[in-house]
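Just so we're aligned, residue 1 is where the sequence shown starts under full-length UniProt numbering, counting upward by one.
Keep in mind that the hints were calculated from the coordinates and are not lab data.
A hint or two may mislead.
In the DMTMM-like style, the derived pairs of lysine to aspartate or glutamate whose C-alpha atoms are separated by at most 20 Å in a straight line are [as the list claims (entries may be wrong)]:
1) K21 - D67
2) K113 - D59
3) K21 - D120
4) K21 - E44
5) K113 - E45
6) K113 - D67
7) K113 - D41
8) K21 - D129
9) K113 - E44
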Amino acid sequence: MTEFSFLDEHLFSYHFVNESKTWTEAQRYCRQNYTDLATIDNMEEMNRLINTVNGTYNDSAWIGEYDDVSSWRWSLEDNDFYQEGERDFRNWYHEPDNSGGNQLCVYMNYNGKWYDMSCDNTLPFVCYDGKDFFKI
């Protein structure tokens with residue numbers, strides 16, 4: 001297993017895990033070892049996440065977005081984590097299309113564009129570590 005960590009000026013880090021897992025397995029791994037699958041609040045964070053993955057991997061990786069039947073939401077459910085509007089950030093590329101009716105999980109490509117896919121597919125993934133996160 002290969003893992004890369006990057007800490008930014010916001011006192012949290014993204015960890016790219018180059019081990020293929022289903023979305024649920026990746027979520028479990030991230031929750032056991034970090035905070036959760038990657039949560040992205042805005043384009044600035046999206047660019048940091050792209051930089052985390054690029055250079056080490058040039059394909060697709062799970063992030064923490066999923067469809068809970070009524071709407072797309074982040075795996076990290078802590079309301080104190082989000083500021084106004086941050087839960088609504090999306091970076092879809094002609095998606096989501098829910099092809100076949102079972103594409104309920106989200107991966108990003110090397111350019112940071114998001115796609116929906118069956119949660120049972122296996123991909124490397126990006127974890128978010130917010131243990132040192134605090135708000136002023």
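Hint by hint, where does the structure go against what was stated? Just the numbers, ascending. Of the numbered hints given earlier, the structure breaks just one, which is hint 4.
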